[in-house]
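Visitor: Here is what each chain is made of, one letter per residue.
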Amino acid sequence: MILPLPLQSEEPQRLFDPGGELSPQEYCESFGIMDPHLLAFSTFISSLPPQCERDCDFILRRASWYWSDALDPPERDSLVAINPGFIRQLYHQWSLQFMDYQLPIAVDLLSRYEASCSPFNPIQTSTKLPLPVLPPQIVTRVDQALLLAAQMRQEPINRVSALDFFAEAYTVADRDFGVQEAIRSGNDFQLPTEEIVRDLAAVADCGGSLVEMASRVQRQQAPTRLSLARIQLSVDRLGLDGTSSRRHLTADQQIDFIRLARLAHTGIELPLYEGFTPSSATQRPTRKIRSLYQQVHNGVNRSLVDLFRHHLVLLLPTIFLLRLTLFHFTPIGWTTKEGNADGRNLFDAKDGRGASPLNPGDKEAYTADIRSEWGLITHADLTTICKMILNFEAEMAGTLGGSFSLKDVILFKVDLSKAFHLLSFNPGSVPYLASELYQSEWPQFSEEIRELLARLGISDTEGSTLSWSMVYITGSFGLILLPFVFAVVTRCLLILLLRSLHGKLCSYVDDSMGVCLKSQLHHDICTICEVVELLLGPDAVEWKKWFFGRKLVMIGWKVDLDSRLVSLSHKNLMKVAYGFTITDLDQPVKVRWVTKLASWSSRYTQILRALHPCTVSCSDCWDAEYGSNNGMESRRTGGCFDLESSFGPIAPLRNRVQPSSRVF
Amino acid sequence: MVLLHLYETEYSLPLEFFRVMILAYEVEYDASLTGLGFLLFSLRDGVRDKLVGCGEVVFPFDCRKESDYQNTCEFIGVLLGLLALAQRGVRNVSLRLCGDSKTSLTWGLDGHFRGKLCLKAALVYILASMLFNIVVIDAVHIPGVDNVICDLLSRQKTTARALGIDYKLVTDISHTSALYSLLMLVDPTSPQLLNSEEDFCTFWRQAHLLLGQISSEQTLCSASTST
Numbered sequence: 001m002i003l004p005l006p007l008q009s010e011e012p013q014r015l016f017d018p019g020g021e022l023s024p025q026e027y028c029e030s031f032g033i034m035d036p037h038l039l040a041f042s043t044f045i046s047s048l049p050p051q052c053e054r055d056c057d058f059i060l061r062r063a064s065w066y067w068s069d070a071l072d073p074p075e076r077d078s079l080v081a082i083n084p085g086f087i088r089q090l091y092h093q094w095s096l097q098f099m100d101y102q103l104p105i106a107v108d109l110l111s112r113y114e115a116s117c118s119p120f121n122p123i124q125t126s127t128k129l130p131l132p133v134l135p136p137q138i139v140t141r142v143d144q145a146l147l148l149a150a151q152m153r154q155e156p157i158n159r160v161s162a163l164d165f166f167a168e169a170y171t172v173a174d175r176d177f178g179v180q181e182a183i184r185s186g187n188d189f190q191l192p193t194e195e196i197v198r199d200l201a202a203v204a205d206c207g208g209s210l211v212e213m214a215s216r217v218q219r220q221q222a223p224t225r226l227s228l229a230r231i232q233l234s235v236d237r238l239g240l241d242g243t244s245s246r247r248h249l250t251a252d253q254q255i256d257f258i259r260l261a262r263l264a265h266t267g268i269e270l271p272l273y274e275g276f277t278p279s280s281a282t283q284r285p286t287r288k289i290r291s292l293y294q295q296v297h298n299g300v301n302r303s304l305v306d307l308f309r310h311h312l313v314l315l316l317p318t319i320f321l322l323r324l325t326l327f328h329f330t331p332i333g334w335t336t337k338e339g340n341a342d343g344r345n346l347f348d349a350k351d352g353r354g355a356s357p358l359n360p361g362d363k364e365a366y367t368a369d370i371r372s373e374w375g376l377i378t379h380a381d382l383t384t385i386c387k388m389i390l391n392f393e394a395e396m397a398g399t400l401g402g403s404f405s406l407k408d409v410i411l412f413k414v415d416l417s418k419a420f421h422l423l424s425f426n427p428g429s430v431p432y433l434a435s436e437l438y439q440s441e442w443p444q445f446s447e448e449i450r451e452l453l454a455r456l457g458i459s460d461t462e463g464s465t466l467s468w469s470m471v472y473i474t475g476s477f478g479l480i481l482l483p484f485v486f487a488v489v490t491r492c493l494l495i496l497l498l499r500s501l502h503g504k505l506c507s508y509v510d511d512s513m514g515v516c517l518k519s520q521l522h523h524d525i526c527t528i529c530e531v532v533e534l535l536l537g538p539d540a541v542e543w544k545k546w547f548f549g550r551k552l553v554m555i556g557w558k559v560d561l562d563s564r565l566v567s568l569s570h571k572n573l574m575k576v577a578y579g580f581t582i583t584d585l586d587q588p589v590k591v592r593w594v595t596k597l598a599s600w601s602s603r604y605t606q607i608l609r610a611l612h613p614c615t616v617s618c619s620d621c622w623d624a625e626y627g628s629n630n631g632m633e634s635r636r637t638g639g640c641f642d643l644e645s646s647f648g649p650i651a652p653l654r655n656r657v658q659p660s661s662r663v664f
Numbered sequence: 001m002v003l004l005h006l007y008e009t010e011y012s013l014p015l016e017f018f019r020v021m022i023l024a025y026e027v028e029y030d031a032s033l034t035g036l037g038f039l040l041f042s043l044r045d046g047v048r049d050k051l052v053g054c055g056e057v058v059f060p061f062d063c064r065k066e067s068d069y070q071n072t073c074e075f076i077g078v079l080l081g082l083l084a085l086a087q088r089g090v091r092n093v094s095l096r097l098c099g100d101s102k103t104s105l106t107w108g109l110d111g112h113f114r115g116k117l118c119l120k121a122a123l124v125y126i127l128a129s130m131l132f133n134i135v136v137i138d139a140v141h142i143p144g145v146d147n148v149i150c151d152l153l154s155r156q157k158t159t160a161r162a163l164g165i166d167y168k169l170v171t172d173i174s175h176t177s178a179l180y181s182l183l184m185l186v187d188p189t190s191p192q193l194l195n196s197e198e199d200f201c202t203f204w205r206q207a208h209l210l211l212g213q214i215s216s217e218q219t220l221c222s223a224s225t226s227t
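First to last, the protein sequences are chains A and B.
For the first sequence, this note's numbering assigns the number 1 to the initial residue and increments by one for each residue that follows.
For the second sequence, this note's numbering assigns the number 1 to the initial residue and increments by one for each residue that follows.
It should be emphasised that the hints constitute simulated quantities derived from the structure, not laboratory data.
If a hint is listed, it holds; no wrong ones were tucked in.
Derived pair list, reagent style DSS-like, types lysine-lysine, alpha-carbon separation capped at 27 Å:
1. Lys363(A) <-> Lys350(A)
2. Lys590(A) <-> Lys116(B)
3. Lys596(A) <-> Lys116(B)
4. Lys551(A) <-> Lys407(A)
5. Lys363(A) <-> Lys288(A)
Reference excerpt, derived from the structure (chain A facing chain B, CB under 7 Å, subset only):
6. Phe165
7. Lys387
8. Leu390
For each residue, glycine too, the CB sits at the ideal point set by N, CA and C.
All chains, full assembly: derive it from the sequences and hints.
Guide: This is the structure in structure tokens:
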């Protein structure tokens with residue numbers, strides 16, 4: 001007898017359904033977009049471009065430029081090997097002369113390097129530094145771990161090698177987490193007062209209006225930054241099939257380009273929540289200098305001066321800002337940054353001491369509004385990357401048949417330079433974006449500065465010292481808003497590249513990771529650079545972080561096409577090893593540290609999947625210790641923790657369908 | 001971490017692990033505090049094609065009518081469904097779960113395990129999923145009232161035989177089978193909750209051993225089915 005199958009009368013309820021859609025017109029109406037330029041752009045983006053008869057001819061010509069074989073290989077090989085900037089120079093030379101010059105970019109030469117010997121491949125054995133002697137309590141912890149490992153494998157484990165690994169982790173973690181290196185790197189840098197007077201002179205020329213000055217700086221910089229004209233050129237750039245991206249945009253994608261046009265034309269408008277009080281509205285504006293920033297201020301100030309030189313931030317005397325009718329101060333924060341001893345400056349917008357923070361304490365509704373206006377953030381993750389590779393290989397095998405070999409495939413990644421700074425704030429939002437700088441000793445007012453301040457009506461400077469503040473006119477790290485608006489750029493770039501690459505590409509904020517055939521690498525890299533610079537302006541590509549190879553570290557994961565394995569990058573593995581071994585289970589542990597451990601756990605259990613359920617016991621431990629007080633205070637731990645369930649999602653098991661993931 | 005560093009090739013994840021496989025089977029299940037029942041279907045174009053297996057078991061542990069154990073019992077249904085497929089020789093496929101317990105569906109699909117009670121079942125589930133490369137990629141929630149057959153099986157209100165299911169399709173979960181031993185191993189009521197490294201290692205070895213047995217039973221099972 002055949003068992004009657006249970007009937008499912010209605011469409012079964014699917015778990016995790018995606019949301020709905022808006023049309024471009026509805027989007028414009030919802031957000032009150034009335035500006036004639038933006039409305040014209042909305043019409044432009046929703047209309048079909050005319051077909052050009054010369055399309056095919058143009059495509060063929062461009063292909064021949066990209067594919068032109070470079071001459072004099074040995075000489076260029078050696079140049080490329082010692083100087084990645086050489087490629088950039090060649091590319092610029094080509095783009096400046098606008099294709100009259102045959103593109104001799106050396107990517108095809110680079111592709112001849114074996115990954116293991118490529119000077120650009122970040123998978124290198126770490127520098128052999130003298131390894132530190134591990135503290136006895138850590139050696140004990142490592143020995144316990146080795147015992148467990150030996151029991152699981154039922155064979156002895158190489159203790160010396162394991163201890164060396166942990167010692168190396170200590171070296172790397174010290175370098176990454178400690179501020180000592182940042183202090184050393186700061187090298188007692190002092191603000192070059194004579195140079196930074198530039199902005200004070202400019203604001204004096206604007207009659208003391210910070211908004212007018214920001215507007216003027218942005219107008220001056222406009223030709224080399226994101227603009228409506230650049231967006232229009234980009235969407236009408238012809239892809240591989242001889243048609244422009246505009247022809248193929250879906251309603252969602254059109255909305256993304258309208259969002260991008262808003263960013264280009266209006267700038268980032270800072271949303272202020274109800275009840276927000278700027279510093280200027282408080283009776284005695286609090287001076288906000290973070291102690292960590294004080295420690296590493298030399299290096300931070302140096303990087304801020306670098307941004308100032310590129311017209312990405314303004315540097316103005318604090319006394320001038322304090323006299324404005326509208327201003328808001330936010331403290332400068334700091335964190336480590338891979339490959340940069342100075343670290344990364346943060347705009348600590350959640351700090352509410354003295355006045356309201358720019359990021360509200362209750363951020364749920366605020367974030368929901370931002371999300372509806374700027375769209376969802378969709379980051380590539382390990383699954384996205386691996387599926388992209390496998391899909392590409394399958395497609396190539398289908399297309400090329402027997403002539404395709406898995407060995408023909410290569411990975412690459414490109415990075416955007418100073419990503420958030422590629423976007424500008426609306427001048428009206430600029431007064432809210434000030435931060436006071438710290439320097440152990442400020443100089444006296446020079447005569448030139450006194451004169452400029454006098455022009456601004458500030459003459460009571462006798463006996464005061466000259467302290468400086470910075471004001472962001474371009475994107476900053478720390479605002480809730482910024483990741484959402486930058487995600488618009490990421491999505492639009494992916495859309496623009498969709499029909500222009502032979503390979504596939506996915507993005508994580510400003511990092512783009514791709515896969516293609518070795519023979520296509522030349523073309524695809526050139527195309528990415530061309531599109532990025534066409535849309536975002538020259539210097540938008542961070543060439544120092546441009547890599548390719550059969551083995552590549554991508555957003556902290558090591559992907560090896562030769563061994564067909566994926567794992568944690570060596571650096572991340574060491575970070576995790578360091579984190580777990582230094583945690584003293586007998587002492588109070590800060591919640592922030594535990595969240596860091598939880599985040600690392602979620603990483604390594606993506607690779608060591610069998611240990612994933614072990615985070616369950618950590619979670620119970622968390623509930624037992626912290627459940628009653630929301631975890632806001634340090635408490636004695638009973639073991640290890642898993643805060644994934646409390647602070648964010650655990651990385652999904654394999655193959656979970658993620659509707660928002662984009663792989664082109 | 002130590003093992004990943006020292007034996008990188010052995011403990012890294014194969015790239016192929018991320019390959020999307022066609023949805024080939026569905027496990028419909030339900031559990032009570034005394035037992036569970038499941039039905040295994042093969043799929044064609046994502047739609048049920050035919051019944052390929054069935055299972056019913058009375059738990060060898062006593063949940064003492066405590067509802068705390070309900071989610072774990074349901075999740076054990078997912079685990080046994082997966083293992084029953086593996087015992088029939090199924091490998092390298094994707095799976096859909098169908099049940100009335102949202103918690104166990106989420107655990108099975110996403111691995112968001114919660115609570116200590118499910119820890120042992122979760123460890124075996126992940127190990128089995130890796131060993132047999134059977135991956136859950138879809139989960140469908142059905143109302144309890146529609147989950148009739150598995151509900152009856154789980155409450156011992158009916159049997160596969162009474163339902164007229166071909167005996168060859170009924171999974172052997174008798175007291176001497178490896179599946180039954182695994183069921184005892186994941187007993188959520190056992191006080192041994194992997195609190196020490198020794199407990200963990202013992203459990204780990206037993207789980208590996210039993211999964212190995214299930215893997216080898218595949219041959220017998222396939223042979224008996226074909227005859």
